[in-house]
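These protein sequences, in sequence, are chains A and B.
Be aware that the first sequence starts at 50, since it is given in the numbering used here, and climbs by one per residue.
Be aware that the second sequence starts at 221, since it is given in the numbering used here, and climbs by one per residue.
Where hints are given, some of them may not hold.
[To be verified] Derived pair list, reagent style DSSO-like, types lysine-lysine, alpha-carbon separation capped at 30 Å: (1) B:262 x A:52; (2) B:287 x A:119; (3) A:106 x A:119; (4) A:104 x A:120; (5) A:120 x A:62; (6) A:106 x B:276; (7) A:52 x A:62; (8) B:333 x A:104; (9) A:119 x A:104; (10) A:67 x B:287; (11) A:106 x B:333; (12) B:287 x A:120.
Think of the hints as simulated: they come from the structure by calculation, not from any bench.
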Amino acid sequence: DVKVTQSSRYLVKRTGEKVFLECVQDMDHENMFWYRQDPGLGLRLIYFSYDVKMKEKGDIPEGYSVSREKKERFSLILESASTNQTSMYLCASSGLAVTYEQYFGPGTRLTVT
Amino acid sequence: QKEVEQNSGPLSVPEGAIASLNCTYSDRGSQSFFWYRQYSGKSPELIMSIYSNGDKEDGRFTAQLNKASQYVSLLIRDSQPSDSATYLCALYTSSQAAGNKLTFGGGTRVLVKP
Numbered sequence: 050d051v052k053v054t055q056s057s058r059y060l061v062k063r064t065g066e067k068v069f070l071e072c073v074q075d076m077d078h079e080n081m082f083w084y085r086q087d088p089g090l091g092l093r094l095i096y097f098s099y100d101v102k103m104k105e106k107g108d109i110p111e112g113y114s115v116s117r118e119k120k121e122r123f124s125l126i127l128e129s130a131s132t133n134q135t136s137m138y139l140c141a142s143s144g145l146a147v148t149y150e151q152y153f154g155p156g157t158r159l160t161v162t
Numbered sequence: 221q222k223e224v225e226q227n228s229g230p231l232s233v234p235e236g237a238i239a240s241l242n243c244t245y246s247d248r249g250s251q252s253f254f255w256y257r258q259y260s261g262k263s264p265e266l267i268m269s270i271y272s273n274g275d276k277e278d279g280r281f282t283a284q285l286n287k288a289s290q291y292v293s294l295l296i297r298d299s300q301p302s303d304s305a306t307y308l309c310a311l312y313t314s315s316q317a318a319g320n321k322l323t324f325g326g327g328t329r330v331l332v333k334p
């Protein structure tokens, strides 16, 4: 079974803080993704990575950065958290794109006050 | 026009009946199609994948793909209250402009009433 874990289920941070969200997968997947999900807006891709030290911008990268130093780990960084970044953050991973099935972690509900 | 369209629902279904969910898409180059189930407050869970035209059955779920008409559907037979969730349609597209990515629909909320 694919297992994707995220560092926190719930997180509360103050405006202006630097926030780290971590994601780990145990299936040796090449591809990893960060999404946010908001009511009425659906799932939106923030960043993704096809390989270690490689990153690509998704649809809404502004205000975020990522880091992938090891194959199994993909971090999302909010450099200076703002209230409009309050959201559910979902990490996903997939193997080489033949079927492109993505498997999600449990999500982190981030509240910025 | 959105790339992936789903009726947001809610789709209300009596227990034991068939729930029929539809998804239409605009990119004819889409290669792979997926259905995810998402319970309230939880993350999406992959329940079906389909890659070629026709039907694919897995337990009480059947996915149907028609690339010529650009739609994919999901049937849930013998619906149970535990099937009450939001169902997300997703498809894999590959383009020079946007790269390789999974595009999600907004989801259809299904409510199975005992």
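(request) Return the numbers of the hints above that this structure violates; sort them in rising order. (result) 2, 6, 8, 10, 11, 12
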